[in-house]
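Line by line, the protein sequences give chains A and B. For the record, in the first sequence the residue sitting at position 329 is 329 according to the working numbering, with numbers rising by one throughout. For the record, in the second sequence the residue sitting at position 169 is 169 according to the working numbering, with numbers rising by one throughout.
These are calculated hints, taken from the structure and not from any lab test. Honestly, I wouldn't trust all of these hints.
[Claimed, not checked] Below 20 Å or equal to it, Euclidean Cα-Cα: the simulated SDA-like pairs (lysine to any residue) are: (1) LYS24(B) x LEU237(A); (2) LYS205(A) x ARG127(B); (3) LYS205(A) x LYS374(B); (4) LYS603(B) x LYS205(A); (5) LYS236(A) x SER21(B); (6) LYS47(B) x THR134(B); (7) LYS236(A) x GLN15(B); (8) LYS730(B) x LEU676(B); (9) LYS33(B) x ARG338(A); (10) LYS236(A) x LYS205(A); (11) LYS232(A) x LYS291(B); (12) LYS300(B) x GLU321(B); (13) LYS24(B) x LYS205(A); (14) LYS232(A) x GLN15(B); (15) LYS374(B) x ALA444(B); (16) LYS590(B) x TRP627(B); (17) LYS291(B) x ASP324(B); (18) LYS575(B) x LYS590(B); (19) LYS205(A) x GLU22(B); (20) LYS24(B) x ASN273(A); (21) LYS232(A) x TRP627(B); (22) LYS232(A) x LYS590(B).
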Amino acid sequence: MLKAATVTWVNKFSLGNGERLGRQLVEELGSLPDACWLFCARREGLQSFLKGVAKAVETPYLIGCTTDGEIAGDGFHQDSAVLAGLVAPQVDFHLCWEGNLGADGEDTGRRLARQLPGGVRYVQLFSDGLTGNGCALLRGMQDELGPTLPISGGTAADGERFQLTCQFAGNRLLTNAAVALGFSGDFHLGLGVNSGWSPVGIGKKVTRARGQFLYELDGEPALEVYRRFLGKHAEKLPAVGVEYPLALMDGASLCTHQELDYPYLLRATMAVNPEEGSIQFAGEIPQGALVHLTCGDSQSLLQATEIAVRQALGELGGTKPALAFAFCCMARRILLGRHTREEAQRIMMELGPVPLIGFYTYGEFSPAQQGTPSVLHNETATLAIIG
Amino acid sequence: MPERVSSQQQLIALQEMLSVSERKSDILTNLLKEASTEFERSLERVKVSEANFRTIFENAPEAIFILDRHNHQILDCNPFTIAWLGYARDELVGMSYENLVESRDQDLAASIRALHSQGGVQIIDRRFRKKDGTLVDAEVTGTTVTYHGRETLMALARDITERKRAQEALVASEQRFRDIAAHLLDWIWETDQDWVYTYSSPGVDKILGYSPVEIVGTTMWHGMPAEDKAEMAALLSDIMDQSASFRLYESRRYHRNGTLVHLESSGAPILDWYGNVVGYRGSHRDVTSRKQLEEFSRYKELFENVTDPVFILDFRGGFLEVNDVSLGIFGYSREELLQMRILNLVGPGQREVLLGSGLKIQAGETIQFELDMKNRGGDIIPFEFHARPILYKGREAILSVGRNLSARKKLEQTLVMTERVAAVGEMASGIAHNFNNVLQMIAAAADAAAAKLASGRMRESLEAIYRIQDACQRASEVVRRIKDFTHADLAPEELHEAFDINELVREAIALTQPLWKNRPDAPKYEVKLVSSGPRYVRGRPSEIYEVIVNLIKNALEAMPQGGRLTMTSSQKAGKVYLEVKDTGQGISPKNLPRLFEPFFTTKGVQSSGLGLASSYGIIKRHQGEIWVDNAPNRGAAFTLVLPRAAAPRKVEAQPKLHDRGGRIRFLMIDDEVNLLKAMEMYFDGTEIEIVTCSSAMSGIAAYQQGSFDVVLCDLGMNDLSGWEVARHLKHLSQEQGLVKTPFLLYTGWDQPFDPQTLEEHGVDRVVIKPVSCEKLLGLLQELAQLEILSQVQG
Chain A
1 MLKAATVTWV NKFSLGNGER LGRQLVEELG SLPDACWLFC ARREGLQSFL
51 KGVAKAVETP YLIGCTTDGE IAGDGFHQDS AVLAGLVAPQ VDFHLCWEGN
101 LGADGEDTGR RLARQLPGGV RYVQLFSDGL TGNGCALLRG MQDELGPTLP
151 ISGGTAADGE RFQLTCQFAG NRLLTNAAVA LGFSGDFHLG LGVNSGWSPV
201 GIGKKVTRAR GQFLYELDGE PALEVYRRFL GKHAEKLPAV GVEYPLALMD
251 GASLCTHQEL DYPYLLRATM AVNPEEGSIQ FAGEIPQGAL VHLTCGDSQS
301 LLQATEIAVR QALGELGGTK PALAFAFCCM ARRILLGRHT REEAQRIMME
351 LGPVPLIGFY TYGEFSPAQQ GTPSVLHNET ATLAIIG
Chain B
1 MPERVSSQQQ LIALQEMLSV SERKSDILTN LLKEASTEFE RSLERVKVSE
51 ANFRTIFENA PEAIFILDRH NHQILDCNPF TIAWLGYARD ELVGMSYENL
101 VESRDQDLAA SIRALHSQGG VQIIDRRFRK KDGTLVDAEV TGTTVTYHGR
151 ETLMALARDI TERKRAQEAL VASEQRFRDI AAHLLDWIWE TDQDWVYTYS
201 SPGVDKILGY SPVEIVGTTM WHGMPAEDKA EMAALLSDIM DQSASFRLYE
251 SRRYHRNGTL VHLESSGAPI LDWYGNVVGY RGSHRDVTSR KQLEEFSRYK
301 ELFENVTDPV FILDFRGGFL EVNDVSLGIF GYSREELLQM RILNLVGPGQ
351 REVLLGSGLK IQAGETIQFE LDMKNRGGDI IPFEFHARPI LYKGREAILS
401 VGRNLSARKK LEQTLVMTER VAAVGEMASG IAHNFNNVLQ MIAAAADAAA
451 AKLASGRMRE SLEAIYRIQD ACQRASEVVR RIKDFTHADL APEELHEAFD
501 INELVREAIA LTQPLWKNRP DAPKYEVKLV SSGPRYVRGR PSEIYEVIVN
551 LIKNALEAMP QGGRLTMTSS QKAGKVYLEV KDTGQGISPK NLPRLFEPFF
601 TTKGVQSSGL GLASSYGIIK RHQGEIWVDN APNRGAAFTL VLPRAAAPRK
651 VEAQPKLHDR GGRIRFLMID DEVNLLKAME MYFDGTEIEI VTCSSAMSGI
701 AAYQQGSFDV VLCDLGMNDL SGWEVARHLK HLSQEQGLVK TPFLLYTGWD
751 QPFDPQTLEE HGVDRVVIKP VSCEKLLGLL QELAQLEILS QVQG
């Protein structure tokens, strides 16, 4: 029998306040949690705050990271902290972390995965969204865990500052790291993924790219192609590129070792290089991929979020959901703007009275479909529900 | 205020919305423009593609069907299809594809489904029915294609009817070929351009014992004897270069069991479509039996008709076949001989000769060699064999034909003896002549001695007596020479003494004097020896002497008008040279090569023609050489070259150990009274006290009565022989317990006496007649000294 609760803190971060928040959670739960999740803004006093929370909840299985906005059962927050706890006596949790993510994402993924015991059926992963290559990190983990073990989560964010992100493992405050929580035992899982962006225009072939950098489309400098698409609005790159993310039409297979049958993966622009004519994205762009520009609006985004929730609930089957996780791309927040709060509301409306926790990420980890390898998404709403 | 704020926020929101919408509109417009441009380009590409397609469609030399992907109705077809199948266009369009294809092709629907699901191109063979009912085979290529905007199927059909017929005919033909090849006794084969077998009929099993599978992949010269391979490979290379056929070429191969098989081969080139040679095809026939029969026929004639022993041996020397003559010679039955090896029949010391010959034959040589063999009775028979390697019943063997040399060797010996006899005859006349001279000298000198003695001229008498002594010495040398010559064959090897060749030359000059000196009608000859010292060689003096005499005679005959014959001996670097040079007519150059040939002569019937041949043989036996240096009309020079020997050791005279001071009691028994008187006269006045007896009995009696220091007894006497006397005296000494008196046996027979026989009879020494008194005196004194020594030593 699983039991969960979420609490929110909008005040100053300190040790004492951390403890208070933790005690609030315990009180809501009625017992000490078996596992906790903390998502918060990067603010002064974060380290002490974390220690306070950890001390209060008394569980070593405390995981989380910094965000670009927090989601909880009472909706969307910014510059706050949200804390969730799960009482799950029939579930075993396994917490691990690895540093030096920026040096070799695949190797970090392999080392991280090796710390997880056999029997783990689900992993939540939170990694540095500024220093790490999420695709590489996933590949490394899948080398050890296999391609079908579901991994969901997101890359840590730093609001709109893009300076430093943090990851939490117990009472440890990490950066340039990846932290993972493995689930084994008796539980059910439902996952949902959708974005709300649709391909427009004529597809183009990636004729030159390396990692997250796109150099050419159909033999033409990528930036030139974008400028042609965006016209006078191209001067707002990379920001405007977030509204019109690139869709990899070959599916998520291009980012993993496996073949997949998924409509498309989205990639958000992060930076441009006028000299090279190249564009950096928030995920890998495989050379040879077929790509489309995409277009969306707040309505399509919100509808997509609902679809994702329904998808996750559908995968759960008849199992009563205990705790829902929402990991949504910061690009959605930019596009949704004032309607960002609606996204959390739409989630809650679909979920019903199910404790909810989540955050706005720089990238999302989730399988495209049940049984398929987990991939790094951009600009996407991903849901994971434990029951 | 709150209303204004709310309105402001609404305004901001509206502005944001407008901004976003405008942006979106602009971007979508740009995308549409690009899409439109791209569309136009695509349309253009499609038009080009359509035009290209239409050109190919109308002009293709193959049938092209465009089919509805669902119901397989023919939507379109090209002109070739119409002509090929014999239908009109409007008959075909709308017809179901299945109606054209043979109903036996049940998998048509399945292949179309596969085409749909997998996409791509399918290639399959189909049989079409023409309008007139005939069936044609086609290779059909199916693919999906967009046709007039529709997803359709396109089928291209290539008529392969002729190709199929040709293939079937080829397969049938090949099968016929294989069927025939499988049952033929001959080995049918095919090779590629490198003469590697690509096919072999089962006939190879019967011929070589290998299966076709083992043969395929090997070369045509595989299994040949090594010495045949290079020639075969070169020949086949030429044949391939000329693209020629070949017939009845013979070659050999090793059967699996190791025997050799003879093959007769024929082959013809295999050509491709362009006329290039891609291999050969032919047959090998086993002709081993025929070859064996041919060889055996040859040998059979040899075996049956030749009068010499003929046998066939294996390389271990075992008899494989023998002729009747062999059985007669060796005294064994055929069954016995075929169980034996030739080693069982060779004479002593012949093993190495046999083994050496066998090795040469095994290396492929045809050789000739002499071999002593022994028959059943153990008699040694000299043979001369001709032997060569042959093939006998498929195996390598040796064919030997022998020639009995017994008669030839006897003839050789006879020839030698003939020459020897002739030489003896020559010598005898010379010796008789010498003896006459000597006797004449003795008679004259004796008369002179008597006359001078009567007249008191003692010194002159003594001189006459010295001349008599000289003559006797010369006569004894002549006798000795005769004995040397006649006993040459019996002399043991140990008597190969070292001798001075100059002495032989001097004797030869003396012996042949009658030929060149003091003849009333004789031309003037000058014969001399030139030498600066003794020249010692080793061998049989009598044989060398014979050679020298022969050369002297030849030289004299070459100078019928007289001339000079000079013999010069010298030595150098371990060799002794004796040159016999004349100033005669020389030797005709055309005769030079035949000089030493037996029976060759330029002197007509009076000459045996064996002189120089015999001389040559003698010199060769002495490890020497004989050269001829010829200047026609200015003489010839024959040079003997012999290995030099060390000078023989001089026998030192025994020093007198003691001056005895006493007399030597000497008993001489001989029935030659004159000799006894001569001895008495000689020893009168010396320390020798001689007692003579003219019979064996009187001698024994005298011995019993007296005591003597030495006894000399003649061997041949009328009453008892010297042997008997010796035995008697020995017995007497033993009876009386006395030391045996030295007993000398005196005889003219110069032959070896067995020491054991001498000892048994009590003979201490043999003295050969004649012996000079002086020598006899020395001998007596020596014996006396020995006796003193033995007494002193006790």
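For each hint, the structure was consulted:
1. LYS24(B) x LEU237(A): It holds: about 14 Å lies between the C-alpha atoms, which stays within 20 Å.
2. LYS205(A) x ARG127(B): At roughly 44 Å apart (the allowed maximum being 20 Å), ARG127(B) and LYS205(A) break the hint.
3. LYS205(A) x LYS374(B): Judged against 20 Å, a Cα distance of about 106 Å means the pair is violated.
4. LYS603(B) x LYS205(A): violated, 124 Å
5. LYS236(A) x SER21(B): Distance of about 15 Å is within 20 Å: holds.
6. LYS47(B) x THR134(B): violated, 39 Å
7. LYS236(A) x GLN15(B): holds, 17 Å
8. LYS730(B) x LEU676(B): violated, 23 Å
9. LYS33(B) x ARG338(A): violated, 32 Å
10. LYS236(A) x LYS205(A): violated, 24 Å
11. LYS232(A) x LYS291(B): Distance of about 105 Å is beyond 20 Å: violated.
12. LYS300(B) x GLU321(B): holds, 10 Å
13. LYS24(B) x LYS205(A): violated, 23 Å
14. LYS232(A) x GLN15(B): holds, 18 Å
15. LYS374(B) x ALA444(B): violated, 62 Å
16. LYS590(B) x TRP627(B): OK: LYS590(B) and TRP627(B) at ~16 Å, within 20 Å.
17. LYS291(B) x ASP324(B): Cα-Cα ~24 Å, so violated.
18. LYS575(B) x LYS590(B): violated, 30 Å
19. LYS205(A) x GLU22(B): violated, 28 Å
20. LYS24(B) x ASN273(A): violated, 24 Å
21. LYS232(A) x TRP627(B): violated, 129 Å
22. LYS232(A) x LYS590(B): violated, 129 Å
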